[in-house]
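Asker: Each chain, written out:
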Amino acid sequence: MAEIVVGTLTLALDEDGFLENADEWNEEVALALAATEEVVLTEEHWELINYLRNYYAEYNVAPMVRKLVKDSGKSLQEIYALFPSGPGKGACKIAGLPKPTGCV
Amino acid sequence: MAKKVKPEELLQYDLKPPRQEWVDTPVELKPGTFCWGAKGKNLQTVGFPNARDWSPTEEDWKLPEDWQETILEGIADRLKKYRSFRLFMDVCVRCGACADKCHFYMGSGDPKNMPVLRAELLRSVYRRYFTTPGKLLGRWAGARELTPDVLKEWWYYFFQCTECRRCSVFCPYGIDQAEMTMMGRELLNLLGLNTDWIAGPVANCYMKGNHVGLEPQTITSNIEFMLEDIETVTGIQIEPNFNRKGAEILFVAPSGDFFAEPGTYTFMGYLMLFEELGLDYTLSTYASEGGNFGFFTSNEMAKRLNSKIYAEAKRLGVKWILGGECGHMWRVVHQYMDTWNGPADFLEEPVSPITGTKFENAKSTKMVHIAEFTADLIQHNKLKLDKSRNDHLRVTFHDSCNTARGMGILEEPRYIIRNVCNHFYEMPEETIREKTLCCGSGSGLNAGENLELRLRGGFPRANAVRYVREKYGVNMLANICAVDRAAMPTLMDYWVPGVGVTGVHELVANALVMKGEKERTTDLRGMPLLGKDGEA
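Chains G and H, in that order, give the protein sequences.
When we follow the numbering used here, the leftmost residue of the first sequence carries the number 397, and every step to the right adds one.
When we follow the numbering used here, the leftmost residue of the second sequence carries the number 212, and every step to the right adds one.
Next up, chain H with everything else stripped away, as it sits in the complex (with noise of 0.2 Å):
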């Protein structure tokens, strides 16, 4: 296990390339660097090809036997449906700018990690078989035949990339790598090859609602947990409502929130934040997912599990839908949702009840994400703050890749941290924002099998909190994602030992002065304040 190998021995690997060139590298799976395959009970849940159980170690992937037609078919619709797909199989010119750019080259250097060559590795099929110099001229024109052990290959790299897009951010072209990726792994569904850690949630997010496969009764059962929870630190009783149909605002939130420390703090704070507001929401039992995993196998699987959203706002005759601090379920809505279960023509234009600023950017989704309705609420001084209760945090931000360059929200989560917090501080500037460095377990790679691969992943972003702790001081990771959350404090207690990972509203609530409080001596987390444990 990985986590036996001390940092600095993970650390030791060779960047020259091998001698030989990498088409005539067989693939060979690492143990800690893959997950488990999908079992058959979860794609058949969901109807995906090829239904059975499998394992990635054994010889025999139990392939249908006419596979090869089937991804050559698979690449032939797609090559007419995507544009993008058939413009980036082409338009490469190999400058090699987006080579050091991907975290897990950064940290495994393997130049299958290099996006350029991850790509290549599909390209060189498409030229063979849709191409006429590939077809005339086969290797000579970087061209390859499609083997079982090609098919591997695919299987292990396309899920070593997190989807994160940063090497997009540096190509010329602006190549959209996620974009390969998602082709990519598209393919391998079409023969049954997903992992079982994606295919999972799928199926339970298709049944329940949620990736975690919570029922009703587990969802309300935890949120009463938290509520007992924030009356301690707090004093007040809040009185949650569920599936209320009339109310003005559905809110959604990734499933891990109400599920998992510490994204559980974060959805204390969703909480209170609204009980603070007096705001007229509901949250519900059925559409209790704002994440997709089904974006991590087909665009058609993503669409039909997003669909439940929409479906549940018109139920509820909701006006607006307001979401949680999620990562990839903002790619989704805010690039994909209106074209796939759109228009929302029963919603109405978002308006924040409290300042009643207009959410023109999410006209045509009627989704608001809660970093811009909470960075709204803070500039129309709406909320009693008192900052010094996060004293005993120095809190550093960490971009979410997904809603960092996905939608591009980079400046509300600033802003309110600088908000609720006295002590903030900025990584080193080419790993935040556009240029954010990926926890490493996105696109559902946060499983516990491929755990060396996910702290390798991780070591470029943990680095740069490894130097902001060193100068500053820094003891709290804060983001706006779940499996940030949920990934991350296993990255730290790796990397950076002595960093904790946060979501920003539960910053915000242990800032929030709540009317009719009690007086606070600990934070969520039931830590002391600072000047509250009998210290100076």
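Excised from the complex, chain G in its bound form (with noise of 0.2 Å):
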């Protein structure tokens, strides 16, 4: 099983570097996560993992991408800028969103 040490906490991650458990996530949880994607954090990085964690929260699942860009107000081009990996395994990874599963 993959690790992340992050201060003095050790957090699982599953195969594909996502966090195992959500709630472990926090604003340092991310910064070590983002360097595993060789992704470095701006604001414009933070807006759209701070929207995608009250998501979450409301709904306890990542949204339609078409969603998160129309309510971001970025392309999928420019979300691709920000996390080369893409809304899915990019910025939800980063902002601790467990991988959507199914016919997706």
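Incorrect hints may appear among the rest.
Only some residues are given here: those of chain H computed to face chain G with a beta carbon under 7 Å [what the hints assert, rightly or not]:
no., residue
1, Trp-247
2, Cys-382
3, Gly-411
4, Pro-412
5, His-422
6, Val-423
7, Gly-424
8, Leu-425
9, Glu-426
10, Thr-431
11, Asn-433
12, Gly-467
13, Phe-470
14, Ala-697
15, Pro-700
Since the hints were derived computationally from the structure, they do not count as laboratory data.
Glycine included, C-beta positions come from ideal geometry on N, C-alpha and C.
With the hints in hand, could you dock these two chains into one complex?
Answerer: Right, here's the structure in full:
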């Protein structure tokens, strides 16, 4: 089982580098996860991360990609520029959200 | 990652079988061709045995001590329970008709992906422990011991079969290789050897009603979001209703359609059609999944997940059930549901409230496929359609394995497409209808970590798409399955760039002239219609 060390905490990651337990997320964890994606977090990144966290708190899942695009006012290309692995494997991972599963 | 490998490089494989006999060739788990192991918490949610975290890449798969006994008892139980399994263990004559019909074999050249050999992985063990020649003569009788390596080989190859049943079409005995894979997976499941891409959705579906794990407020919010888009394109406001008692029809769709593109456009298509018809229907936030990943673990689990559809129909007091564009959902509905969870004697024999057509084929399950429903509407001239609104699309149709081979839905989608599109082109005859080639990602294989496997398995289908792209300029691949919509965009981008993927009801909705709509300038995706973007 992969792990990530953040300060005094050691957190479990799944095989794709997602946080096993979304409740363990905090801003320091986001910085450490961003490092695994080779992303340096700027204010623009944080806007998306905070949006995802708030959405997740309400809906318990990642938003539809088009909803993310519409609500954030950023195009998919702009999101990819910020998170090269994309909204799911990049932004959601750093925001500590679990991977969506099923026919998706 | 396979994506970085160029397509022509991925096709460089040797079809010459290894010199060594297959039985002496140990399994090698190649990165990119298998899924992650099922997490303990997901197995535990549904009470599956040996729930623990484990990794297929590690030597120790954390098997229970009596694992061998468990498997042998599992085989014995299933030989008693399933006549098909008993028959298929014995009847194959190794004629090889199936060998080159499998998309995974065609895309990888791995001999153990020949259906006959994939089945032999299990048959060899059956012979050793359940037949007299095998017990006495061992290897001379094609028998072998059940060892941990054999188990790993099973796991690797039974999750490299999409249960598509193309090989069965060519088998002179009609051996159903999907049944072999299903039995193989059932046995593995007795030891907690599932994949997490399957176990996760199963746990979600069991707890929340759908594979994605969407809560009721998420479902309603997603659908409201789609309704805003529909209003933007058509000017029409739609008021959906959820969990409404006394509705005539319960509509059940695959949950991918209310979560991920391009399935969401298909879902918009359903909503627009029902609105235009004034259909008395409701959506359920509980029976919120037509698909059934339980079917990829064991029949018992599939039955448990399937039961919510009738339970919800009964609770809401509907007359019958309409089902969306999903693949394996229909194999389950058509071939298992009535036996597992029927009889649905609290429902009525489905009758279209618009045309009066009795769907006699759905007499026992009381569930009608939306392609049948819509084809019947068109046949009775009940829809006003402007085909030219799909003129920017040159469409081909991919028969989804489960609806084509599992229930014979072959003509209805084609009839619909011909009535809503001016440009429709068929792929070569040996790659469509009953002989359709799989997307390479079905039966729970549409994960990310096994992308190379998916691209290899999807190659034969993609190659047929490339043929119609080069010949007719096809730029849209239509289908009636949510995993097709989820998996094929990646497949097309890799093998045939420039081809999009759509559900059939997205095409219907583009063409559907709705009462009171504004002049449409774009399709549902916001793409300009031909002649509406300033061009001639």
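Asker: Are Pro-412 of chain H and chain G close enough, Cβ to Cβ, to be under 7 Å, as the hint says?
Answerer: This hint holds: Pro-412 of chain H lies near chain G, its Cβ roughly 5 Å from the closest one there, short of 7 Å.
Asker: Was the hint right that Leu-425 of chain H lines chain G, CB cutoff 7 Å?
Answerer: holds (6 Å)
Asker: Against chain G, with CB atoms and a cut of 7 Å, does the hint on Cys-382 of chain H hold up?
Answerer: Check failed: Cβ of Cys-382 of chain H comes no nearer than 28 Å to chain G, outside 7 Å.
Asker: Mind checking the CB of Glu-426 of chain H against every CB in chain G and telling me if the closest is under 7 Å?
Answerer: Constraint on Glu-426 of chain H satisfied, holds at 5 Å.
Asker: Using the nearest Cβ pair, does Gly-411 of chain H come within less than 7 Å of chain G?
Answerer: holds (4 Å)
Asker: Under 7 Å is the threshold here; is the Cβ of Thr-431 of chain H close enough to any Cβ of chain G for the hint to stand?
Answerer: With Cβ-Cβ at 10 Å, over 7 Å, it is violated.
Asker: Tell me if the interface restraint on Pro-700 of chain H is satisfied: Cβ within less than 7 Å of some Cβ in chain G.
Answerer: Not OK, violated: Pro-700 of chain H not within 7 Å of chain G, min 11 Å.
Asker: May I ask you to test the interface hint for Trp-247 of chain H with respect to chain G, counting a Cβ-Cβ separation under 7 Å as satisfied?
Answerer: holds (5 Å)
Asker: Against chain G, with CB atoms and a cut of 7 Å, does the hint on Val-423 of chain H hold up?
Answerer: holds (5 Å)
Asker: Restraint: Gly-424 of chain H near chain G, CB-CB cut 7 Å. Satisfied or not?
Answerer: Nearest chain G Cβ about 6 Å off; hint holds.
Asker: Quick one, is the Gly-467 of chain H hint okay against chain G at 7 Å, beta carbons?
Answerer: Check passed: Cβ of Gly-467 of chain H comes within 3 Å of chain G, closer than 7 Å.
Asker: Should the interface hint for Ala-697 of chain H be scored as holding, given a Cβ-Cβ cut-off of 7 Å against chain G?
Answerer: Interface hint status for Ala-697 of chain H: holds (5 Å vs cutoff 7 Å).
Checked against the numbered hints given earlier, the structure breaks hints 2, 10, 15 and satisfies all the rest.
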